[in-house]
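Kindly generate the complete structure, drawing on both the sequences and the hints.
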Amino acid sequence: MYGLLALLTLPAALAQTIPNVSLLIDNPAVYNGKATIRSILPWVSVRKGSLFHFGSTHDIFAPAAEADWTSDKFWNVWNHIVAENGCKWYDTEPQPFVHNLTDCKGVQQYATDHGATFRGHNTFWHSQTPSWLPGNVSASELVNKVIPNHVQTEISGLGWDVTSWDVTNELIGDSTTMGMDAWECVQSADRWPTVTVDGGSTPLVTDLSFAYAAWSTALKYDPGKLVYNDYSTGATNNSKTECVFKLIASLNEQAGVPYSRMGVGFQSHVGASPGQFVPKDQLETTFKRLADLGVDALITEMDMWIPTNTTAALRYQAAIWGDYIDACLYSSNCHEFINWDNRDDTSWITPGPGHGVAMPTLFDANGNPKPVYYEVLARFERYAAWKPEMCATAMGVAHCTVPRD
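For the sequence shown, the residue numbers in mature numbering (1 follows the signal peptide of the UniProt record, and there is no 0) are -15 to -1, 1 to 390.
By construction, these hints were calculated from the structure, which means they are not laboratory data.
A hint or two may mislead.
Okay, derived cross-link-like pairs now, DSBU-like style, lysine-lysine, Cα gap no bigger than 35 Å in a straight line [stated by the list, open to error]:
id, residue 1, residue 2
1, K355, K273
2, K231, K33
3, K33, K19
4, K19, K273
5, K90, K205
Written as structure tokens, this is what we have:
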């Protein structure tokens, strides 16, 4: 899902650093917000040459008070759904080898009921594990029995009607350095199962056999895209991004996973302030590097907190989000874009140090669309009209003024 270490501290005077930006929605004669995003997505898919999935999260145990609003948005905004928590290990295998896929399947059925597609998140993560893990499970039992059984049961239980699965989630540490090999990238995280407990010093597994076990099992039982998912990735000349490439190369060479079956998920929990997001040109460079290998790129958990509830901050949020949308749309290997949480009042990001006033989604706390929603809609409309890619709006008007057509 996400790592708290990805949250960056916002400078006190951050609002003064927000640039003035140019947006498509500044031209209401062309981009007036009258269409719905979901009504545009079929035309986006036509240009893409394959179905484009624009989604958000849902759990069957979400607050009932929001049920009608949520249902409406999955009919009119999103055509793709991922379970925020219902498919995680703590929910799907509460006791050793005793599986309960009720919540996970419930979200999949909700997607079907709304004419939407479904993606799986996730089969292996060091967090939100059942109470019996880490426990006293040995490295050998984990690699040869626990992981294969869990991955097989969950993937087989959901069937083939899944666009992609996050097979392993957040394996790579935050203190990586350039030149590390795949194992060093993972070991640096100091997380189970490379150690007996998170932050511990007692080794458990001493190589990537646990990851290979998950991926080789997923490869056997799922015909779709298999994804490595992580946060704080995507930038160029970045050690964690380089570690992602080292890891997928190792999965290809040692676990026998073809690049054509792989995807890399860029969580994209970012902030609407300079230096707290990946610039569009860097995202596109990384996506192209993956495309050259035959690997898909996905935006898997997009949200963006803002420093202040001001017009300038809300416009900057729209400019950055628009750049992320464009990076995906205009990259040949990006077919899934997931927003994390549906509205500001249900987001995991709350106001406080490190994430300003929050407000990290497309809809405000009352469920009303924000400027970012209308800008995302405008980006889809422009792409569906076969218009060329724009400059990076997050760079500010000194570098990018959007066309008025």
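Straight-line alpha-carbon gap K355 to K273, limit 35 Å = This hinted pair holds, its Cα atoms lying about 31 Å apart.
Quickly compare the C-alpha distance for K19 and K273 to 35 Å and report which way the hint goes.
-> Holds - the C-alpha atoms of K273 and K19 are around 33 Å apart, at most 35 Å.
For the pair we were handed, K90 and K205, check the Cα-Cα distance against 35 Å.
-> holds (21 Å)
Is the hinted pair K231 and K33 satisfied, with a Cα-Cα distance of at most 35 Å?
-> holds (29 Å)
Starting from K33, check that the Cα of K19 is at most 35 Å away, please.
-> Holds. K33 to K19 sits at ~23 Å (cutoff 35 Å).
Every hint, counting from the list given before, is met by this structure.
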